[in-house]
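Undergrad: If you want the building blocks of each chain, they are given just below.
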Amino acid sequence: MLHTVNKSPFQTTTLQSCLRHTRKGDAVLLIEDGVLGALKGTDASGDIWGRRVEVAFYVLGPDADARGITKERMIDGINVIDYEGFVDLVAQHKTSQAWL
Amino acid sequence: MLHTVNKSPFQTTTLQSCLRHTRKGDAVLLIEDGVLGALKGTDASGDIWGRRVEVAFYVLGPDADARGITKERMIDGINVIDYEGFVDLVAQHKTSQAWL
Amino acid sequence: MKFSILVNEGPYTHQASDTALQFTRAVLAKGHEVMRVFFYHDGVNVGSRLTVPPQDDRNLQKSWSDLAEEHKLDLVVCIAAAQRRGILDEGEAKRHGKGEGAANLAPGFRISGLGQLIEMGIESDRLVVFGD
Amino acid sequence: MKFSILVNEGPYTHQASDTALQFTRAVLAKGHEVMRVFFYHDGVNVGSRLTVPPQDDRNLQKSWSDLAEEHKLDLVVCIAAAQRRGILDEGEAKRHGKGEGAANLAPGFRISGLGQLIEMGIESDRLVVFGD
Amino acid sequence: MSEAAKGTGKKVPKKFLYVNRKAPYGTIYALEALEVVLIGAAFDQDVSLAFLDDGVFQLANGQDTKGIGMKKFANTYRALGDYGVTKFYVEKESLQSRGLTLGDLQEITYEDENDDFKEKPSIILVSRAELSEVMAQQDVVLSF
Amino acid sequence: MSEAAKGTGKKVPKKFLYVNRKAPYGTIYALEALEVVLIGAAFDQDVSLAFLDDGVFQLANGQDTKGIGMKKFANTYRALGDYGVTKFYVEKESLQSRGLTLGDLQEITYEDENDDFKEKPSIILVSRAELSEVMAQQDVVLSF
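Chains as they are written, first to last, in the working numbering: chain A, 1187 to 1286; chain B, 1187 to 1286; chain C, 49 to 180; chain D, 49 to 180; chain E, 13 to 156; chain F, 13 to 156.
Bound conformation, chain A alone:
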């Protein structure tokens, strides 16, 4: 399953709820304001760090760029992809679930 999250983890509980419903082998893609969740050293970063072994994490690069979030400032191990990479991720997983 591919999960997409488009909300800031500082503003809403959406990322948290998503992560609690991920299973081993799932992928989580952060898009739009959701990319704020990729920042390391924040009040929210522990949630992603805690799931990094079981779940693969991706960030939509154009959204990270827009918000001034460079790769170096992201939690280690998060993969940065572009829109075509997003399409590939969707293709690779039978189902996508948008956490809105």
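Treat the hints as calculated values from the structure; they're not laboratory data.
Treat the hints with care, since some could be wrong.
Said to hold, decoys possible - Covered by chain B, according to a simulated footprint, are these stretches of chain E (three or more residues, beta-carbon under 8 Å):
id : stretch
1  : 44-55
2  : 72-78
3  : 104-116
Backbone N, C-alpha and C fix where the C-beta goes; we use that ideal spot for every residue, glycine too.
Given the structure of chain A, go ahead and fit chains B, C, D, E and F onto it with the hints provided.
TA: Below, chains B, C, D, E and F without anything else, positioned relative to chain A:
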């Protein structure tokens, strides 16, 4: 100062942020989905309970009714008002701040 | 007391324009003055005359238009926000070449600039914001 | 692979319709098929031909209409959601007595029922949702 | 599954999940999601509903919307059984966080045509782990 | 204050606070709030901006919006000094929660016409308690 909060405390951090910026003598009015914050015995109710001495809490009754939240299920000491009571609250405070 | 109201969200999707309507009615019922209601962001969509809500549902545009007529309310839709979202009065529709009859601003609303919002802040005793 | 896309928010206010547009372009660039794009909730507002965004900003309606023309995309606006929000094609505008020229549905979009959304789920290999 | 369907030329129903995570009335998502479920019921797919996070408030007892001037649509959930929509997965942890129990929700039932039309509960109380498992089994997940 | 103004027939400027709590680009609120600030600057009121919660990201350095096809408006904050908007209250706790420091924000300055047009910083780093105090002093609070 009158603060209004229209978001669920389970979904967003808006109520929390509002409460951290309230000062002694302020009033907080919960409206729309914000009325969910009035429920007692929830993961969020401690925040309001912790501020009840310094801050006066109000709930917009019609919004609570719509969501099936009766007075008995609310945190003790929260006042239930109607739209005219909302107007009075605004009139009583020099400034209103909507936490959106 | 002189009240002003800012509505930041469109009809039906968010409750903001419902709450603002009930609040405005209560302000009037209490004998206060309503200087102006300003519609910003998606709030401009409240002023579309083309909405056709289900028959068993409320009609927000009509409720606002009726209230405005009854109480001589000044309902102002922000021009910049309205252009972005496709709410145009006759002058705007013509200016942008949208064709005869294309104007969709509802009766009782007028389109104007953000200065009208600042004025509300300056001249009202109370300004109340409804949004998301 | 056959993709379908659901857009739940209106233009400019939320990024959803931007992201959906970029995603749809990428789907096509990768050689996949796009069965349909369905606009629901405030997403129906993407299909308004009356929007006039600032000249230095993107034009989302036009971008979608252009993409639809270039790739023969099926852009469907939900009829129930559209009526609530004042997006009407010619038939709807006439049926509801909105006057000559009032239809505001943009080129390349058509109005239809929610069954079209369910069909997307049934017949596509992948359905991706963009919203708020 | 779609591969199998292609092979036989016969369409196997897909598993559709409607995810409800938002409270009613403050926004329209709950109502318009319900409208999709109603239309979708006519398509003979394998439909489930999930209620988690604030979505559990959609099923709350005692809603009275007269004061806010909006239409109450909570009763419509009870009619879904007649359209073959009978699986309402409600997450236990979401109820607990909100101080709710099953008793705070409407009773929703359906008549089981495979069991002498006995009246059975539509609401299935599940743990978060169980709900994640339900989500993982779907072909199509619609969230609003 | 408005009483005093009435008494003298002269209008005393009101204290306007624009509250920014949302991140840019994901929603339009930050941009359209900025448009109000720009127009408001012409009215000779006493204007302050507050940046707290995700609003601090509006001022973040290094924004590049080419990839998302949206207009970058971060530079406009730097122009506000020329319009007399010189008080940007940024909340320390909001930065800290997000792993940010003042160095991660754009430099925003104004020329102080009361002090020989010296260039001074517009950003005022405040604690949550100090920001609450600023909020309490306002006549009009606009949030979007």
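Undergrad: For every hint, state whether the structure bears it out.
TA: Each hint tested on the structure:
1. Only when three residues or more bring their CB closer than 8 Å to a CB of chain B does the claim for the stretch 44-55 of chain E stand; here the count is 0, and the claim is violated.
2. Closer than 8 Å: that is the beta-carbon criterion, and the stretch 72-78 of chain E has 7 residues meeting it against chain B, so the requirement of 3 holds.
3. Note: the stretch 104-116 of chain E has 4 residues with beta-carbon separation from chain B under 8 Å; the three-residue rule is met and the coverage holds.
Comparing the model with each numbered hint stated earlier shows that hint 1 is the single one that does not hold.
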